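Using the sequences plus the hints, can you model the full thing?
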Amino acid sequence: MARILTVLPLLLVLLSCGDQAKEPVSSTPRVTDRETIRGYHGAPPVIPHQVAALGRANCLSCHGPGQERPDQSRALAALTPHPEWRNCQQCHVEISTDDEFVVNVFVPLPEPEVLAMETPFLPPYIPHRIQDRDGHCESCHIGPQARPEIVPNHGPRDNCRQCHLSTYGETMEFGTKVASFP
Numbered sequence: 002m003a004r005i006l007t008v009l010p011l012l013l014v015l016l017s018c019g020d021q022a023k024e025p026v027s028s029t030p031r032v033t034d035r036e037t038i039r040g041y042h043g044a045p046p047v048i049p050h051q052v053a054a055l056g057r058a059n060c061l062s063c064h065g066p067g068q069e070r071p072d073q074s075r076a077l078a079a080l081t082p083h084p085e086w087r088n089c090q091q092c093h094v095e096i097s098t099d100d101e102f103v104v105n106v107f108v109p110l111p112e113p114e115v116l117a118m119e120t121p122f123l124p125p126y127i128p129h130r131i132q133d134r135d136g137h138c139e140s141c142h143i144g145p146q147a148r149p150e151i152v153p154n155h156g157p158r159d160n161c162r163q164c165h166l167s168t169y170g171e172t173m174e175f176g177t178k179v180a181s182f183p
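Quick note, in this note's numbering, the sequence shown goes up one by one and the last residue is 183.
If you are wondering where the hints come from, they were derived from the structure by calculation, not from laboratory data. Note that this is a predicted model, so its numbers are computed, not measured. Misleading hints may appear alongside valid ones.
[Stated by the list, open to error] Label pairs and their in silico Cβ distance ranges:
1. His-50 <-> Arg-158: 32 to 38 Å
2. Thr-168 <-> Ala-53: 36 to 42 Å
3. Thr-120 <-> Gly-65: 39 to 45 Å
4. His-50 <-> Asn-154: 33 to 39 Å
5. Asn-88 <-> His-155: 28 to 34 Å
Virtual Cβ for every residue (Gly too), placed ideally from N, Cα, C.
In structure tokens:
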């Protein structure tokens, strides 16, 4: 009887998590338009237009929820994933030339490898650094701005790191990096 009581909780956990990963995750789309508008892997995108020339009081007048976007063909990230953050240019840099990009000698860090799943029923690894993202997984993975391939199939949860491990071995506690393993 004691053996059954010991095995039963393990079976319940495995059965409840079993339908989350329908197939192993071994790779994600790589070089995309998204990556060409960033200075390095994980950087916020640049602002592809002049802000002052448009006479906007704030970015949410076009990039906020429920706003019409005049030129959908060029909008790579039409909706902001974090409308509550009001100082957009603290992270996003405006392009200051007529050319989209200026030739330079900058060499970005290599993009991290996506680890293959050990077994098909485990949650996928986090294939990017967590540092400077402040634990706000939902700003990219949940909502209308999320790309379909990164939306979780289990819906929003409170603590993503409870199940998903970082490929970098970073440990976050209360928004602060407390350990890193090579």
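Structure-based check of each hint:
1. The supplied range of 32 to 38 Å is met by His-50 and Arg-158, whose beta-carbon atoms lie about 36 Å from each other.
2. Look at Thr-168 against Ala-53: about 40 Å separates their beta carbons, and that is inside 36 to 42 Å.
3. For Thr-120 paired with Gly-65, a C-beta distance near 42 Å keeps the hint of 39 to 45 Å intact.
4. Distance hint check: the CB atoms of His-50 and Asn-154 are about 35 Å apart, consistent with the given range 33 to 39 Å.
5. In this structure the hint that Asn-88 and His-155 lie 28 to 34 Å apart at CB holds, the actual value being about 33 Å.
In summary, the structure agrees with every hint in the numbered list given earlier.
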